[in-house]
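Novice: Once you've looked at the hints, dock chains L and D against the given chain P.
Listed below, chain by chain, are the residues.
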Amino acid sequence: MVENRFWLNLISHGVLALGVLLVAFPIWIAFVASTYPAQALVTGTVPLWPGDQLLENFGRVLGTGSDSSVGVSVALMLFNSLVMALGIALGKIAISVLAAYAIVFFRFPLRMFCFWLIFMTLMLPVEVRIIPTFQVVADLGMLNSYTGLTLPLIASATATFLLRQFFMTVPPELAEAARVDGAGPIRFLIDILLPLSRTNLAALFVIMFIYGWNQYLWPLLITTSEDYYTVVMGIQRMLAVGDGEVAWNEVMPTTLLALLPPVGVVLMMQRLFVKGLIETEK
Amino acid sequence: MPRLVRGAGHFVMSNISSERVPAFDSHWLPWLLVLPQLLITLVFFIWPAAQAVWQSFLMEDAFGLSTEFVGLENYQLLFTDPGYYKTLWTTVIFSAGVTALSMGLSLTLAVMADQVVRGAQVYKTLLIWPYAVAPAIAGVLWLFMFHPTVGVLAYLLDQLGYEWNHFLNGDQAMLLVIIASAWKQISYNFLFFLAGLQAIPRSLHEAAAIDGAGPLRRFITITFPLLSPTTFFLLVINVVYAFFETFGVIHAVTQGGPGDATRTLVYNVYDDGFVGLDLGGSAAQSVVLMLLVGALTVVQFRYVERRVQY
Amino acid sequence: MARKMVRSSLGVALASVMAFNAQAATQIEWWHAMGGTLGEKINEIAAGFNASQDDYEVKPVFKGNYTETMTAAVAAFRAKQQPHIVQVFEVGTASMMAAEGAVYPTWKLMEDAGEAFDPDNYLSAITGYYTSDDGKMLSMPFNSSTPVLYYNADALEKAGAEPPKTWEDMGQVGQKLLDAGYKCGFTTGWQSWVQLENFSARQDIPFASNNNGFSGLDTVLEFNSDKHVQHIAQLADWQKSGIFGYGGRRSDSLPKFYSGECAMYMGSSASYSGVKSSVQDFEFGVAQLPYWQSMIDSPKNTIIGGATLWTLQGHDSEDYKGVAQFFTYLSSPEVQADWHQFTGYLPITHAAAELTREQGFYAANPGTDVAITQMTSGEPTANSKGLRLGNFVQIRDVINEELEKVWAGDASAKDALDEAVERGNDLLRKFERANR
Chain P
1 MVENRFWLNL ISHGVLALGV LLVAFPIWIA FVASTYPAQA LVTGTVPLWP
51 GDQLLENFGR VLGTGSDSSV GVSVALMLFN SLVMALGIAL GKIAISVLAA
101 YAIVFFRFPL RMFCFWLIFM TLMLPVEVRI IPTFQVVADL GMLNSYTGLT
151 LPLIASATAT FLLRQFFMTV PPELAEAARV DGAGPIRFLI DILLPLSRTN
201 LAALFVIMFI YGWNQYLWPL LITTSEDYYT VVMGIQRMLA VGDGEVAWNE
251 VMPTTLLALL PPVGVVLMMQ RLFVKGLIET EK
Chain L
1 MPRLVRGAGH FVMSNISSER VPAFDSHWLP WLLVLPQLLI TLVFFIWPAA
51 QAVWQSFLME DAFGLSTEFV GLENYQLLFT DPGYYKTLWT TVIFSAGVTA
101 LSMGLSLTLA VMADQVVRGA QVYKTLLIWP YAVAPAIAGV LWLFMFHPTV
151 GVLAYLLDQL GYEWNHFLNG DQAMLLVIIA SAWKQISYNF LFFLAGLQAI
201 PRSLHEAAAI DGAGPLRRFI TITFPLLSPT TFFLLVINVV YAFFETFGVI
251 HAVTQGGPGD ATRTLVYNVY DDGFVGLDLG GSAAQSVVLM LLVGALTVVQ
301 FRYVERRVQY
Chain D
1 MARKMVRSSL GVALASVMAF NAQAATQIEW WHAMGGTLGE KINEIAAGFN
51 ASQDDYEVKP VFKGNYTETM TAAVAAFRAK QQPHIVQVFE VGTASMMAAE
101 GAVYPTWKLM EDAGEAFDPD NYLSAITGYY TSDDGKMLSM PFNSSTPVLY
151 YNADALEKAG AEPPKTWEDM GQVGQKLLDA GYKCGFTTGW QSWVQLENFS
201 ARQDIPFASN NNGFSGLDTV LEFNSDKHVQ HIAQLADWQK SGIFGYGGRR
251 SDSLPKFYSG ECAMYMGSSA SYSGVKSSVQ DFEFGVAQLP YWQSMIDSPK
301 NTIIGGATLW TLQGHDSEDY KGVAQFFTYL SSPEVQADWH QFTGYLPITH
351 AAAELTREQG FYAANPGTDV AITQMTSGEP TANSKGLRLG NFVQIRDVIN
401 EELEKVWAGD ASAKDALDEA VERGNDLLRK FERANR
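Residue numbers (UniProt numbering), protein chains in the order written: chain P, 1 to 282; chain L, 1 to 310; chain D, 1 to 436.
Since the hints were made in silico from the structure, they are not lab data.
For every residue, glycine included, the Cβ atom is placed at its ideal position computed from N, Cα and C.
Check the hints yourself; a few may be wrong.
[To be verified] Below, computed lysine-lysine pairings styled on BS3-like, alpha-carbon distance capped at 27 angstroms:
(1) D:Lys136 <-> D:Lys321
(2) D:Lys414 <-> D:Lys227
(3) L:Lys86 <-> D:Lys430
(4) L:Lys86 <-> D:Lys414
(5) D:Lys321 <-> D:Lys41
(6) L:Lys124 <-> P:Lys275
(7) D:Lys59 <-> D:Lys80
(8) D:Lys276 <-> D:Lys176
(9) D:Lys165 <-> D:Lys227
[Stated by the list, open to error] Partial chain D-side listing against chain L, Cβ under 10 angstroms, derived:
(10) Thr67
(11) Ser259
(12) Glu404
Just chain P, same shape as in the assembly:
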């Protein structure tokens, strides 16, 4: 090498460390904010170093039940978010695997029509069709239910497409061989195709879990019973205090708690997620 590796390395580490700091800084501030009493956070500049109210604030957020400002405990909201995120992730993967399998490995009348019908759902985010969708869900009697929280959000084709892309890279000979060996289509799907799609399914799971966990407007509109409030929506509720004061010392601990599960999922499944994400999308 011609140039000085040492300096290059040093600069690289320096820049990366700065990047890590930049990325982590907001979380540090959130952590600091959750260690102070409420007044300290509206009367002057938020400090950079933690105070002494950490346990009190987290205790209050986790401890309170129906008398909290949102009307429901944070623990229950976390649970609801978990149900919603898992429901969306697993539900979406389930229907997508089946649909993609049918479209790639079978030929049947109206195959392309089905394909385009599903494809169309990619074109409109939930925010802009939310009121008519609400009406449908209300007509079906699904307000205030986990079904209502999850099912309408499964109606998106991202996962189907991702899987379709992957299935098309599977050599047709593999299916041929399976057929010669006497394995039916269902056996082939379960024994061969799904294990092959492991990394893709993992990446999908992470993407969809986060998508489900982070939903805000949808749960806001269709839940009228506190029993179904989710945590991201709960945080927005804590901010909507009208003429009162925002209790930042409760918002911030709740924010941190709301971050833990999705970040945990990303970090735990990091290897599979990164591999699956990059492989399928490249």
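Specialist: What follows is chains L and D alone, placed relative to chain P:
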């Protein structure tokens, strides 16, 4: 062959036309397999979307008590409203800002991570997690830091003699929503850039180094061109992200203000429909957005698939 | 077809559930927009009512901020899933009034249910906002507030100034504060409500034609008159010199006051409890909203903000008896006095105000009676009765946008107000068409 799939959902670029020989024969099984997805799509997507289209031809009071069919008038009102073009322009600026900032930072970090001999994996872990943060929460966090009165960064800027008040200054508000939106997207871009960089053969670098090319020159002449498919892919992803998925950030941080400085297309749809209860006007905007995304998709199929080769 | 089947089977299921619950209390849903400690207080009120009788159970549901609550109720009504009672902010009044088939007017509700009800018990300055042209009360007043001036007593003393009574004083007091080393004289919350709507009422000039929209849908906005322009232009000058410091929409500017940066804050009287708990390092006081001596000799009353409770159609008449009973409970002097003292919202009845005075609350908490004195100082005029404008939520947004351009120095007061009036009128015409 580039195929893009957005995480949260509504964008794909893929090789639609390719056919393969089906492996199995059955008359009923494939139908059974696509049925769940078809049903859900019809009930929760096609039907409401059709209603939105129908709604865009109506003028209605909020409660739906009096309805008047007005044909294309909602569209006419929309396209004669100078505010709508302003919103479009704001969206373009915002998207350009988010894309440039986020991709610039990610590329820098990825190049550095590709350089270092040790620790790349650790950095990857430390940089990946903002991907999991909800846009609304990202907005709240950045708002909290830049709050003109209590925010720690606003305070630091003030100490440096720069007055920060994004409640008043539209440019600062725009900058703030750009930063908050870009922050969330860094991890995603970083992962793809790093993978792209690691796919470039070392021998190319070494050969150039022997020829006497410095690190910067090598980056410009070798790395960047070879990275162009990834860059292009991310460009599209980031623009789509900025267009459609930053609603939560804007809602939490500025609500379109001050003035109309940060009012983007999707925020406008929300504000007119959800806040203003002008369902017809809002539905017309939704339809315009639908067409826009449709057009974008077609352009990608036709253009991107042919030009960018892996 | 499938939908019908689902619906009817659902109906059967619901009917059986209801038959099963026939013995239990009838549930009454109340959607509200009160988060934080206010929400806890609401739960307390509902619990109080539920404990007072066995036939009905009021169930409060927090549905987010005012806008989200109203939209949720509208969406629910369109899907026939509406609550019995919904809390709607004052700017939504015209939309609710126009929705005749959706709303169950309070006077009729009380009459049908046979509840004793006398509108004269309520403060006319409040009910005026929610009364039809023929004097019938359409919704139940609940949380009403009016803008007042909060001041940092220590800062004023240090600057050698008294709390300003007039806008003329305000200029001098602000200058003294700047001279004494303060960064900012005063800031304001809710700029449209305080600096334009209440400015019009206090100075007795129209905000819009048709008696501020009370007597017709073909209203046009009139807040670009010379007086309005003069006021906004003055504020813009002060924004440059630092006497005025803009701090954001809604009550986002309150931290400027808490931190001592701005010595005065104009905002809702209902912020009292928040101010009291957040201000730590100085003594604060409350004064009436200033007026321009050059424009009026004795200022009119200010107008209200906040929200009222609307009853929605579509439930059993038995349910509505419960709603009526609940409204009676809600208006009782004890409940109202407690709510008023706890929150800083105005007492809605004369009896509640009287009770509060008897209990010695005003004496013990100086400043808490400023709002009610200011509201009831005289008979409301056509200009100070209130506002009834369609699409008012968006009109306020337009006003926010245009005023922010003025504060930022991007537009003159005249141009911005003209523009706001023009854009606002478009919204009014749209509303007129949809509600013909």
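Novice: If a hint holds in the structure, say so; if it doesn't, say that too.
Specialist: Structure-based check of each hint:
| no. | hint | verdict |
| --- | --- | --- |
| 1 | D:Lys136 <-> D:Lys321 | 19 angstroms, holds |
| 2 | D:Lys414 <-> D:Lys227 | 11 angstroms, holds |
| 3 | L:Lys86 <-> D:Lys430 | 21 angstroms, holds |
| 4 | L:Lys86 <-> D:Lys414 | 22 angstroms, holds |
| 5 | D:Lys321 <-> D:Lys41 | 24 angstroms, holds |
| 6 | L:Lys124 <-> P:Lys275 | 13 angstroms, holds |
| 7 | D:Lys59 <-> D:Lys80 | 18 angstroms, holds |
| 8 | D:Lys276 <-> D:Lys176 | 25 angstroms, holds |
| 9 | D:Lys165 <-> D:Lys227 | 18 angstroms, holds |
| 10 | Thr67 | 5 angstroms, holds |
| 11 | Ser259 | 6 angstroms, holds |
| 12 | Glu404 | 4 angstroms, holds |
No hint from the list above goes unmet by this structure.
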